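One-letter residues, chain by chain:
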Amino acid sequence: MVHYPPKERVFTKNWNTPNGHTLDVYKQSGGYEGAKKALSMDPGAIIKEVMDANIRGRGGAGFPVGRKWSFVPKDSPKPKYLCVNADESEPGTFKDRYIMERDPHMLIEGCIICCKAVDAHSCYIYIRGEFGLALQRMEAAVAEAYKAGILGNSVLGSGFKLDVVIHKGAGAYICGEETALLESLEGKKGQPRLKPPFPAVEGLFGCPTVINNVESIAGIPPIIVKGAEWWKSLSTTKAEGGTKLVGVSGHVARPGVYEVGGGLTVRQIIYDVAGGMRDPSRPLKAVIPGGSSCPIILPSEIDVSFDFDAMRSVGSVMGTGCPTIIEEGTCIVRFLRRTLRFYAHESCGQCTPCREGGDWLYKVLDRLENGQGRETDIALLENVASKIEGHTICAFGEAIAWPTRSYVKKFMEEFKDHVRLGRCPFGPLAIAPVAMAGDVATV
Amino acid sequence: MSLQISPEAKARIEAITGRYPNRQAALLPALHIVQTELGHLSTEAQALVAAQLGVPATLVREVVSFYEMFHEHPEGQFHFEVCTAFSCHLVGADALVDHCKKKLGIAVGHHTEDGVFSLMEAECLASCGSGPMMRVGDDYYEQLTTDGVDALIEKFRAIAPSLNGHHYEKAKDGTMHVGPVKGFMPKLLPPTPAPAPALATKQGDTTEATAPPSLAKA
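Going down the list, the sequences are from chains V and P.
Positions 91 to 533 (this note's numbering) are the ones given, in order, by the first sequence.
Positions 534 to 751 (this note's numbering) are the ones given, in order, by the second sequence.
No lab work stands behind these hints, which were simulated from the structure alone.
Computed from a predicted model, the values in this text were never measured in an experiment.
C-beta: ideal position from N, C-alpha, C; glycine also.
Some hints here could point you the wrong way.
Here are the computed lysine-lysine pairs in the PhoX-like style, where the Cα-Cα straight-line distance is at most 25 Å [stated by the list, open to error]:
#: 1; chain 1: V; residue 1: Lys168; chain 2: V; residue 2: Lys278
#: 2; chain 1: V; residue 1: Lys278; chain 2: V; residue 2: Lys127
#: 3; chain 1: V; residue 1: Lys453; chain 2: P; residue 2: Lys703
#: 4; chain 1: P; residue 1: Lys703; chain 2: P; residue 2: Lys543
#: 5; chain 1: V; residue 1: Lys251; chain 2: V; residue 2: Lys278
#: 6; chain 1: V; residue 1: Lys126; chain 2: V; residue 2: Lys138
#: 7; chain 1: V; residue 1: Lys279; chain 2: P; residue 2: Lys634
#: 8; chain 1: V; residue 1: Lys127; chain 2: V; residue 2: Lys251
#: 9; chain 1: V; residue 1: Lys278; chain 2: P; residue 2: Lys634
Taking CB as the label site, the calculated pair distances span [stated by the list, open to error]:
#: 10; chain 1: P; residue 1: Ala628; chain 2: V; residue 2: Thr326; range: 40 to 48 Å
#: 11; chain 1: P; residue 1: Ala684; chain 2: V; residue 2: Asn106; range: 49 to 57 Å
#: 12; chain 1: V; residue 1: Leu511; chain 2: P; residue 2: Val641; range: 24 to 32 Å
#: 13; chain 1: V; residue 1: Arg510; chain 2: P; residue 2: Val641; range: 28 to 36 Å
#: 14; chain 1: P; residue 1: Met718; chain 2: V; residue 2: Ala151; range: 34 to 42 Å
#: 15; chain 1: V; residue 1: Thr326; chain 2: P; residue 2: Lys635; range: 48 to 56 Å
#: 16; chain 1: P; residue 1: Ala704; chain 2: V; residue 2: Arg445; range: 36 to 44 Å
Construct the complete structure from the given sequences, taking the supplied hints into account.
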C-alpha cells in the first residue's frame, strides 16, 4: 500500500507548524530522542541499524548510507569528519533547501548520530551560498543547540564531544560532487579529486570522512528511535526503505515538494500526487526523472517504480528524486540547449573532454535551434557526447553525455525537423508562474 | 594601502579560522565577509585577505575567479539573479529575462549607469516548484510576472538612496523575503477540481478516499 501522504510523515512533520524550525517545536515532536538513544549505543549497532533500514544516499547516487559509514576505518589515529552535502544545485532539485529552512534540527540530530557511529568529533555542513534563509536558519539552530548543551564538549550530557560548523559555499555546481566539496571546504577551487583514495579513507584534510546528502542524514534520527523494520514498512519497494521527498516541477497542476512512501510509479507521482498536467489539452511529452543529468524518459515509460533500481529498466536513473515534467508543445532542442549551457558554464575546467566538449555541444545545439543546423550535426552531438562520457575524473562527464545522448535518441525526429525546416518549429514559452503546492505551505 | 578591512570584520575572520584545522579553510567565509563589507573583491581586497590568512595571493585570485558569488568588479546595488535553469525555463524564465533587459535598459551581465541595478542569468536556485523566480540579495522572489518585476524595480529604486551606496543583502531588520512579490500574486491555474483520492493502478490498494488537506487548499 502506497499513498500520499505517506503512512507516517518523517521529513515534513514540522514543515507547516508555526516556528517549526525552532528547538522548542522540534523537541515537542520527539526531537533529539534518537540522538539520546544513539549516544548510549555501540557505534557498530548504530551502523547495523542504518544498514538494515536500507536507506540510500539521497543526493543522486543512491549508495547505501550504512555501508558508506562502515568504510570509515575504526583504528585510524587521524581525526574523522562528517561533511553534509547541502550544496543542492542540480537543476530541477529543490528538497534539501526546505529541510534546512523548515526543520534544521532534524539535520543536526542526524549529524550527532552519524558522528557517534563513525567516531567523528567535527562536522561541517557545506551549504550553498545562495541559500540565504537556509543559512540563517541552520546557523540559528546550531547556536540554539550549543546553548542547550546539544552540541559542544558533552553532547546531551553524554561526554561525547561534537562541533558542528556551517560552511557557506560560493556558488559552484561542481562543489556538490563529494571530492570537489572537500577541496572547496579546504579553501581551494572546487575541482574533483581522483578516486581512490575514497573520502572514507582519505577525505577532508587527508582524514577519513563521511559525506552524505542532507536528506540522507535528516532521515537517520527516526530510524534510530523506531527501528529499521518500521522504516522499511514505509516503503513498498525492496530497492529502498522509508519515505522520500519528491520535488515535482515543470508543467504539472500542483508542482511542489511531497513526502511519499517509497515505491510509487512515475505515473502516480505525476497524476496522483502532483495533480496531473497543468493543461489537459497538452499531454505529457517527457519526464526528466531526477535532475538535469538524468536521461529523459517518454510517456510510455512512466509505469515504473520510482526507485534507484527500477529506473534502470527504462534506461534512466532516479537521481535526486525530483522529476521535471514536460508537456507537448515544448521544444526539446531548446530544452537541451538550456541544459547544456548550464553544463558548459559549470564545468570546473579540469578535464579536457568536459571543459571543451560541453561548450561544443552547446554551440551545436545553439545553431540547431537558431535554424543553422547542418545534416551532420545530430551525429556530431552523439559523437562528442560519447567522447566525454567515461573520460573525466568525476561524473560530470556523464551528466553532460546522458541527457544529450538520450534526448537525441528519443526525440530524433524533432532534431531532424530543426535541420529540415531551417528553424525551430515551436513558439516561445510564455511566462506562466506556478504556485508551490505539496508539503510546503505557500507563503 | 588605502583599502582597509574593518577591525570587526578582521575579528570575525579570526574567529572563523578557529573552526578549521588550518587557516586556508577559512578562505571562502573570509571572502564572503570582505565582499559584504567592501562591495566587491578588488585585487587590493584579495591581497588583504591573503595577508590575514597567510595564503598566497594567487590562490585567493584563483578561488575568487572560480566561484560565481565572488565579484571582482562592482555590481549593482540590487543584483538581479533570474533563474534560467530548465524548470524555470519551462514556465517562462527567458521571457522574464527579456522583460528585465527591456525594463532596465541593460544586457545580461551589465549594470545600470546609476549603479542601482545589475542583471544576471542564474543557474538553478532550488525554487523549481515556484518559478519563474529571481534572487536579489538574500531574498527569493518567486512566481514572478512582468507586473511583479515592475513593482519590485519601483520599490528598489525608492529604497536605493537609503543604502548609502552599499549593496542590498537583506532588509535592515535582518528578515528575508521568500515567496511571491506581495500584492502581485500571479493569476494561477485553477486547482484541479477534486484531487485524486487514492492512487489507482495498484491492485489491493486500500488507501483512504479523502483528499489530503494540504492538497485541498492548494
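Against the structure, the hints come out as follows:
With a C-alpha separation of about 22 Å, the suggested pair V:Lys168 and V:Lys278 falls inside the 25 Å cut-off, and the hint holds. Our distance criterion of 25 Å between C-alpha atoms is broken by V:Lys278 and V:Lys127, whose separation comes to about 38 Å. Taken as a hint, the V:Lys453 and P:Lys703 pair is broken in the structure, with Cα atoms around 38 Å apart against an allowance of 25 Å. Under the criterion of a C-alpha separation no larger than 25 Å, the hint pairing P:Lys703 with P:Lys543 is consistent with the structure, at around 22 Å.
Distance hint between V:Lys251 and V:Lys278 is unfulfilled; the C-alpha atoms sit about 28 Å from each other, more than 25 Å. Restraint check: the Cα-Cα separation between V:Lys126 and V:Lys138 comes to about 17 Å, which is no more than 25 Å; the hinted pair holds. Restraint check: the Cα-Cα separation between V:Lys279 and P:Lys634 comes to about 32 Å, which exceeds 25 Å; the hinted pair is violated. The straight-line distance between the Cα atoms of V:Lys127 and V:Lys251 is roughly 16 Å, inside the 25 Å bound, and the hint therefore holds.
Our distance criterion of 25 Å between C-alpha atoms is broken by V:Lys278 and P:Lys634, whose separation comes to about 34 Å. In this structure the supplied range 40 to 48 Å holds for P:Ala628 paired with V:Thr326, their Cβ-Cβ distance being about 42 Å. At roughly 28 Å, the beta carbons of P:Ala684 and V:Asn106 sit outside the given window of 49 to 57 Å. At about 28 Å, the CB distance of V:Leu511 to P:Val641 agrees with the hint of 24 to 32 Å.
In this structure, V:Arg510 and P:Val641 meet the distance hint of 28 to 36 Å, their C-beta atoms being roughly 31 Å apart. Our hint of 34 to 42 Å for P:Met718 and V:Ala151 holds, since their Cβ atoms are close to 39 Å apart. As the Cβ distance of V:Thr326 to P:Lys635 is approximately 51 Å, the hint placing it in 48 to 56 Å holds. Range check, P:Ala704 to V:Arg445: Cβ separation about 40 Å, and the 36 to 44 Å hint holds.
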